[in-house]
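> Chain by chain, the residues:
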Amino acid sequence: MKRKQFIKNAALTAASSIVMPYILPSGRLFAATGSRKANHVVFCLFAGGVRNLESMQKSEGNMMRNTLNGTEPVSADIAPGIHQLSPLTNNPLQNSGTLFKEFRYSSGPTGHYNGHTTAITGKYSDESIQLKQPPKYPTIFEYYRKHTSPTTSALNAWWISNALGPYPYLNYSMYDGYGAPYGANMIQPASIFNASAAAELGNPLTLTQSDKSKCDMMRDFMNGQFKIPQAAASSGIVNTPADAEHLQTWLNTMIYQVTHSATQDPWGTGIMTGDMANIYFGIEVMKEFKPELMVINMTDIDIGHFDFTKYVNAIGLADYALYKLWDAIQTTPGMANDTVLIVVPEHGRNQQANSLVDAYGRYALDHNNDQMSREIFCLMAGKGVKQGQVISQIQGESVDVVPTIANVLGFDNEIPFGILDGRVLTEAFV
Amino acid sequence: MKSITTFPLFRISGFPNWILALSISLLVLQTSCNKEKRYIYEVQQQELYQSAAQKQNLKTTDQFISIAYSHLFGASITNTELTKYNIALQSLGDKSTMQDMIVKSMINRSGVQLVSNTAMRADIPTFVEETYLRFYNRKPNEFERWKMKDLIQKNTDVTPQMIYYSMMTSDEYPYY
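Just so you know, the sequences run in chain order H and F.
Heads up: the first sequence at position 30 corresponds to 30 in the numbering used here, and the numbers run straight through without jumps.
To convert, count from 1 in the second sequence and add 430; that's the numbering used here.
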């Protein structure tokens, strides 16, 4: 080998040995601002209003057999109304992490949107929340995208909602210095990935690469002639052109799958509730984009306002979907062994039943700020989390989730002092 | 090709002054007679913009969808379709991407009023003029006239459909 070539090769090898360790599985070139416990967080709002009585305390049997240890049978009187799917595991999720059995949603109205907002912003909201506008305080997505260095793409942060109404507004706040530029990509899969929407969106104009280049060229010229008025500029989340194309390609793929019935019963359970579908499509997001931060919710449990047995049934099905999510994390390259999963209901339900009786003679439950409607649980599992730990005393609150996520992803020290109400749940970590 | 966008306007119909005076007199003289005001929904033609700089407001979701539909099909969108597209837009945080998907979907449906490629190339200046009026509700300025003509002439594979798509997904289109 010639001397010059030898020197060149040696230099390249040396450079590679310096650079390569910083190319992380998530695709980041450099490590984040602070020390990370894991490179991905999936936060599942096990929402709809779940009482600890039916979840942690198993008053109707162990309805969460994929999450909690124990084989307590379903109460005999409601068993005919329960869709009992075989557990997906012999090693429930609690063994892979730390379970706070007496977590709290301590303040603010026990409403779904309040509960979601509190969990996503880390701030209790005692005042009435405006349902048709973004939250007052920054969301975890904005903290993540603003305070992670180097800045991350919006495709790294996802809010996956199983309902419309006020929920799409949770991907960024109105807080000064934060807002849409740091928001998450939001999707409500049920409204896009269905036959009706697919009929409207499923046969798009397709452009060859050459056609696309020509369109881009013309659009660039047109855009050069128009100055977007600042006062009226769109306030929504914006992806880079490359990311937007990636997103659109994925959406079209999913719509194609929907039109070809590939998503009707993908788990072969014979049942696909709204919660299960939301988790299914959340998993698809995860597999495609491997987001560093993904928040996803389930809300079918709220049937508890009208039918107690269906409420208990929904807890069991949500538990099934939750384990599917965990299983997908473990088998998704780039996320496996590098993800912390956090599971928290947004609030509980009242101790006192309402007057509605179901087919099995059970009374339904509302959630109106009583003590039991503030009693929830929190499960954390995954990389760096203490395994098999159960914390049975009252410990931890809903507002602690945001600082904990920030700590896992290494930017908790970057968040301006005094905004957040909660603390890092350090007791959960090794 | 129609080039003027129309918006519904809620207004009280006008009368000649002498009828108005007579009506007031009668109202005073015959107080027992309660004549109701007549409200008529009318369609008002919107004036053309003199330049793109006059556009300062973002179209609402409903406006964007229904205007896009009428620009392409020359007809009003049905409530059912408007609702479907509206829900699709609500369901994705990246509105621009969903708007792009909606335009791609609409523009590929049968019934779109498309100028043929042959007609476009037979009279490019007229095509450019009419297309700007149709989608931007304004005339192109001299530079735009020249540049678009040049682009179309030099790129023989550019079709009217591609030009419509580019305009409807440009920065100007969501504004009025």
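Derived from the structure by calculation, the hints contain no laboratory data.
Values in this document were obtained by computation on a predicted structure and should not be read as measured data.
Treat the hints with care, since some could be wrong.
Claimed, not checked - Covered stretches of chain F (chain H as the covering partner; in silico rule of three or more C-beta atoms under 8 Å from a C-beta of chain H):
(1) 493 to 503
(2) 535 to 548
(3) 582 to 589
What the hints assert, rightly or not - Think about it this way: if two alpha-carbon atoms lie no more than 27 Å apart in a straight line, the pair counts; the simulated BS3-like pairs of lysine-lysine are:
(4) F:534 x H:136
(5) F:577 x H:132
(6) H:212 x F:489
(7) F:525 x H:136
(8) H:287 x H:383
(9) F:489 x F:569
(10) H:324 x H:58
(11) H:132 x F:514
(12) H:212 x F:534
(13) F:569 x H:227
(14) H:146 x F:525
(15) H:227 x F:579
(16) H:214 x F:514
(17) F:584 x F:534
(18) H:227 x F:514
(19) H:214 x H:37
(20) F:584 x H:132
(21) F:577 x H:287
(22) H:212 x F:525
(23) F:569 x H:214
(24) F:525 x H:287
(25) F:489 x H:58
Claimed, not checked - Pair by pair, the computed Cβ-Cβ distance ranges are:
(26) F:543 x H:384: 43 to 51 Å
(27) F:500 x H:370: 49 to 57 Å
(28) H:202 x F:547: 23 to 31 Å
(29) H:229 x F:575: 22 to 30 Å
(30) F:543 x H:305: 47 to 55 Å
(31) F:500 x H:351: 40 to 48 Å
(32) H:86 x F:547: 57 to 65 Å
(33) F:492 x H:264: 52 to 60 Å
(34) H:59 x F:512: 44 to 52 Å
(35) F:584 x H:265: 47 to 55 Å
(36) H:150 x F:539: 39 to 47 Å
(37) F:510 x H:264: 54 to 62 Å
The beta carbon of each residue, even a glycine, is placed where N, CA and C say it ideally should be.
> Next step is simple, just say for each hint if it's right about the structure.
Taking the hints in turn, this is what the structure says about them:
With 0 residues having a beta carbon nearer than 8 Å to a beta carbon of chain H, the stretch 493 to 503 of chain F misses the requirement of three or more and the stated coverage is violated. Coverage of the stretch 535 to 548 of chain F by chain H holds in this model, with 4 residues showing a Cβ closer than 8 Å to a Cβ of that chain against a need of three. Three residues within the 8 Å Cβ limit are the bar, and the stretch 582 to 589 of chain F against chain H gives 3, so the coverage statement holds. For a cut-off of 27 Å, the pair hint linking residue 534 (chain F) to residue 136 (chain H) is broken: about 35 Å separates their Cα positions.
For the hint pairing residue 577 (chain F) with residue 132 (chain H), the CA-to-CA distance comes to about 43 Å; that exceeds 27 Å, so the pair is violated. At most 27 Å may separate the alpha-carbon atoms for a hinted pair to count; residue 212 (chain H) and residue 489 (chain F) meet this at roughly 26 Å. The suggested pairing of residue 525 (chain F) with residue 136 (chain H) holds, with an alpha-carbon distance near 21 Å, which does not exceed 27 Å. Note on residue 287 (chain H) and residue 383 (chain H): the hinted pairing holds, with a Cα-Cα distance of about 18 Å set against a maximum of 27 Å.
For the given pair, residue 489 (chain F) sits about 20 Å from residue 569 (chain F) by alpha-carbon distance, which is consistent with the 27 Å threshold. With a C-alpha separation of about 21 Å, the suggested pairing of residue 324 (chain H) with residue 58 (chain H) holds against the 27 Å cut-off. Simply put, residue 132 (chain H) and residue 514 (chain F) have alpha-carbon atoms about 20 Å apart, close enough for the 27 Å limit, and the pair holds. Taking the CA atoms of residue 212 (chain H) and residue 534 (chain F), the gap is about 12 Å. The hint holds against a cut of 27 Å.
With a CA separation close to 17 Å, the supplied pair residue 569 (chain F) and residue 227 (chain H) stays within the 27 Å bound. Under the criterion of a C-alpha separation no larger than 27 Å, the hint pairing residue 146 (chain H) with residue 525 (chain F) is consistent with the structure, at around 21 Å. Our distance criterion of 27 Å between C-alpha atoms is met by residue 227 (chain H) and residue 579 (chain F), whose separation comes to about 22 Å. Simply put, residue 214 (chain H) and residue 514 (chain F) have alpha-carbon atoms about 30 Å apart, too far for the 27 Å limit, and the pair is violated.
Restraint check for residue 584 (chain F) and residue 534 (chain F): satisfied, since their Cα atoms lie roughly 24 Å apart, inside the 27 Å limit. Taken as a hint, the residue 227 (chain H) and residue 514 (chain F) pair is broken in the structure, with Cα atoms around 31 Å apart against an allowance of 27 Å. With a C-alpha separation of about 46 Å, the suggested pairing of residue 214 (chain H) with residue 37 (chain H) is violated against the 27 Å cut-off. Between the alpha carbons of residue 584 (chain F) and residue 132 (chain H) the distance comes to roughly 48 Å, so the proposed pair goes past 27 Å and is violated.
Note on residue 577 (chain F) and residue 287 (chain H): the hinted pairing is violated, with a Cα-Cα distance of about 44 Å set against a maximum of 27 Å. About 20 Å separates the Cα atoms of residue 212 (chain H) and residue 525 (chain F), which keeps this hinted pair within 27 Å; it holds. A threshold of 27 Å between alpha carbons decides the hint, and for residue 569 (chain F) with residue 214 (chain H) the separation of about 22 Å falls inside it, so the pair holds. The straight-line distance between the Cα atoms of residue 525 (chain F) and residue 287 (chain H) is roughly 23 Å, inside the 27 Å bound, and the hint therefore holds.
With a C-alpha separation of about 52 Å, the suggested pairing of residue 489 (chain F) with residue 58 (chain H) is violated against the 27 Å cut-off. Separated by about 60 Å at the C-beta atoms, residue 543 (chain F) and residue 384 (chain H) break the suggested range of 43 to 51 Å. About 53 Å separates the C-beta atoms of residue 500 (chain F) and residue 370 (chain H), a value consistent with the hinted range of 49 to 57 Å. Between residue 202 (chain H) and residue 547 (chain F), the C-beta spacing of about 26 Å keeps the proposed range 23 to 31 Å intact.
Here the CB-CB span from residue 229 (chain H) to residue 575 (chain F) is close to 24 Å, well matched to the stated 22 to 30 Å. Checked against the given bound of 47 to 55 Å, the beta carbons of residue 543 (chain F) and residue 305 (chain H), roughly 49 Å apart, stay inside it. Judged by the Cβ atoms, the range 40 to 48 Å given for residue 500 (chain F) and residue 351 (chain H) is violated: they are separated by roughly 56 Å. A hinted range of 57 to 65 Å holds for the C-beta pair residue 86 (chain H) and residue 547 (chain F), which are about 60 Å apart.
For the hinted restraint 52 to 60 Å between residue 492 (chain F) and residue 264 (chain H), the CB-CB distance of approximately 32 Å leaves it violated. Taking 44 to 52 Å as the suggested C-beta distance range, the pair residue 59 (chain H) and residue 512 (chain F) conforms, at roughly 47 Å. The supplied range of 47 to 55 Å is met by residue 584 (chain F) and residue 265 (chain H), whose beta-carbon atoms lie about 53 Å from each other. The supplied range of 39 to 47 Å is met by residue 150 (chain H) and residue 539 (chain F), whose beta-carbon atoms lie about 43 Å from each other.
About 24 Å separates the C-beta atoms of residue 510 (chain F) and residue 264 (chain H), a value inconsistent with the hinted range of 54 to 62 Å.
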